[in-house]
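Given chain L, put chain S in place with the hints provided.
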Amino acid sequence: MYTNPKPCKHLADYKLRHGLSGYNLLQEQIRTTPSGKSSVKNHQTEIPRCCFCNGYQKRLYLCLICSSISCSSHTLLHSQCENGHDIAVDIERSELYCVLCCDQVYDPDFDKIVMLKHLMDLPRSGNGVDVSAGRRSSKRRRLCSALELDLKKTKQLVSMRDLRAKSCYPLGLRGLNNLGSTCFMNSVLQALLHAPPFRNYFLTGQRNHEVCRKRSSDRLCLLCDIYVFFSAVFSGDRTPYSPAQLLYSWWQHSANLASYEQQDAHEFFISVLDGIHENGVKARNTGECHCVAHRVFSGQLRSDVTCMSCGYTSTTYDPFMDISLNLDTGNCPSTDLANKSLKPSDNTYVSTLLGCLDLFTKPEKLGSDQKFFCENCQERQDSVKQMSIKRLPLVLCLHIKRFEHFPVRRMSRKIDRYMQFPFCLDMNPYLSSSVVRNRFGNRMFAFEGDELDTSTEFEIFAVVTHSGTLDSGHYVTYLHLKDQWYKCDDAWITAVEEEVVRASQCYMLFYAQKMLYYKANEDLVCQPVSPRADPFLPIAGCC
Amino acid sequence: MIESGEKERLKELLRERLIECGWRDEMKSLCRAYTRKKGRNNVTVDDLVHVITPKGRASVPDPVKAELLQRIRSFLASTAT
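Just so you know, the protein sequences line up as chains L and S, in that order. Reading the first sequence from the start, the letters are residues 525 to 1067 in my numbering. Reading the second sequence from the start, the letters are residues 4 to 84 in my numbering.
In isolation and in its complexed conformation, chain L is listed as follows:
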């Protein structure tokens, strides 16, 4: 989190006495390289040297008061000679240093000045960073939208009692029959059933299927079918349900995927969301779409491409419904270092979700065959691309790319590598505000779009796992409801320990914003076993 550290006594004293004058004088001397590093250079040709030992090879510090330069061994000496000369700047890095604390110190005012100089020096237009005040209105709208999909009305549902309920499992837990290699569909449906705002939308009758125009004219409506599906699963009836109508409805929409062959769960997920989007209320031409699929799952990605010659950055924004991640394998790209690299290509490196997210937001040098046309240089240049998340969705779906396709060799294979994933996820380091901020070193400065009141903390609620090979595999979903994990294997639902989930081979991970997740769980009240129920009646759905 970016809370400003408190200034040390010496920095505070300096500020009181000198204010910003020292910083302002320094500003002129700051130069920034295209890669983003800011240094202090007072004369182009002069080599900075320590005024005590004449050395130039250690870290050099410029005194903010008298501009004398000392190396790391002699900064203290300078401070002893000149009373009050305690604050200096690391010449190479443009970072504040307190001589008496022997430590780096931070001042947002200083960073602001460094940043401003950096930005002024960058080629005009599209420098990738806007130092204006953040835009709040769209953010507020999103929060309201989230609350709208809230749970007030869901409480009414909870009070309804169904005599068929036989266990004290939470509501909405019901097995789904496999209709012929449809585990890909069942697994995703289980996750959708428990995506908090998505679930609430369908359960609170916001989707009024009585007046659905399509249905009244006897046509298929995907949204209505989903509504019916939700009602059935949350009815309290625990016998496994066959989502045939929904399957048929989806086939109509995705004709190319209509078959009894095993499909990819992720493709199904995207296709269903697409179907909901198309079947829903037509969005305005400009602005965000307000269909439930977009309201719940859509976020925005930011892509920055920086010219390596001049530093000009081109920024584009694209919406996303999910993020597909490559597995991080810990191998370094330079294969010539493979033999003598620090990490011998070992099998002991464990892939983690955070590692994959790091990989996703890592600056990537574009190959020489992908030279980017730089507006400023007016020619194709080598460049660096970096992705970050501009806006997080309410529900974040992370897809792990386990299926590799080689169109040239006409071959596909599955990557079975285990990947560790957390149950609580803080997306802050992957936001555009964090990623862009890091480009400029250790700066304490609020950037545009610093979403200070938007939560970046997520809780996991569903994991879709895949086992087996590409052609013959099986999908299973684990749901996290009210502190208990449940395994949903088509028609069979069992409670499991969290270790089982942690050890599973995840394919799609579903995280909900923490607040939404906890609120949603409050409503899933367990219904006690009805005394009149026959305890010996076998329940195929729940074991």
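Do not rely on the hints blindly, as some may be mistaken.
Unchecked claim - Straight-line distance between alpha carbons at most 27 Å, and here's what the computed BS3-like set of lysine-lysine pairs gives:
(1) 31(S) - 14(S)
(2) 539(L) - 68(S)
(3) 58(S) - 582(L)
(4) 582(L) - 565(L)
(5) 68(S) - 886(L)
What the hints assert, rightly or not - Quick list of simulated restraints, FRET-style, between CB atoms:
(6) 36(S) - 761(L): 49 to 59 Å
(7) 571(L) - 22(S): 35 to 45 Å
(8) 537(L) - 73(S): 46 to 56 Å
(9) 22(S) - 604(L): 31 to 41 Å
(10) 55(S) - 840(L): 34 to 44 Å
None of these hints come from the bench; they were simulated from the model. Keep in mind the model is a prediction, meaning the values are calculated, not measured. Even glycine gets a Cβ: it sits at the ideal position worked out from N, Cα and C.
Same frame as chain L, now just chain S:
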């Protein structure tokens, strides 16, 4: 060599190579481990520099050293008067 700006360019190249091969990440985790052990408020930049420097110097991969040495040599050769 400093005056011509070559040192700066070589430093940039070195930085790139060290990031690529994971050296920087390794140093980062060493710093984190040290900080965790000492406690966040008991560590200064100077401490870290003193602790990490010997380890860092020792763990620069040979190919990286070789490449940089090669470039320095050729630069000096090209500017020899």
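Enumerate the violated hints, using their earlier numbering and listing them in ascending order.
2, 7
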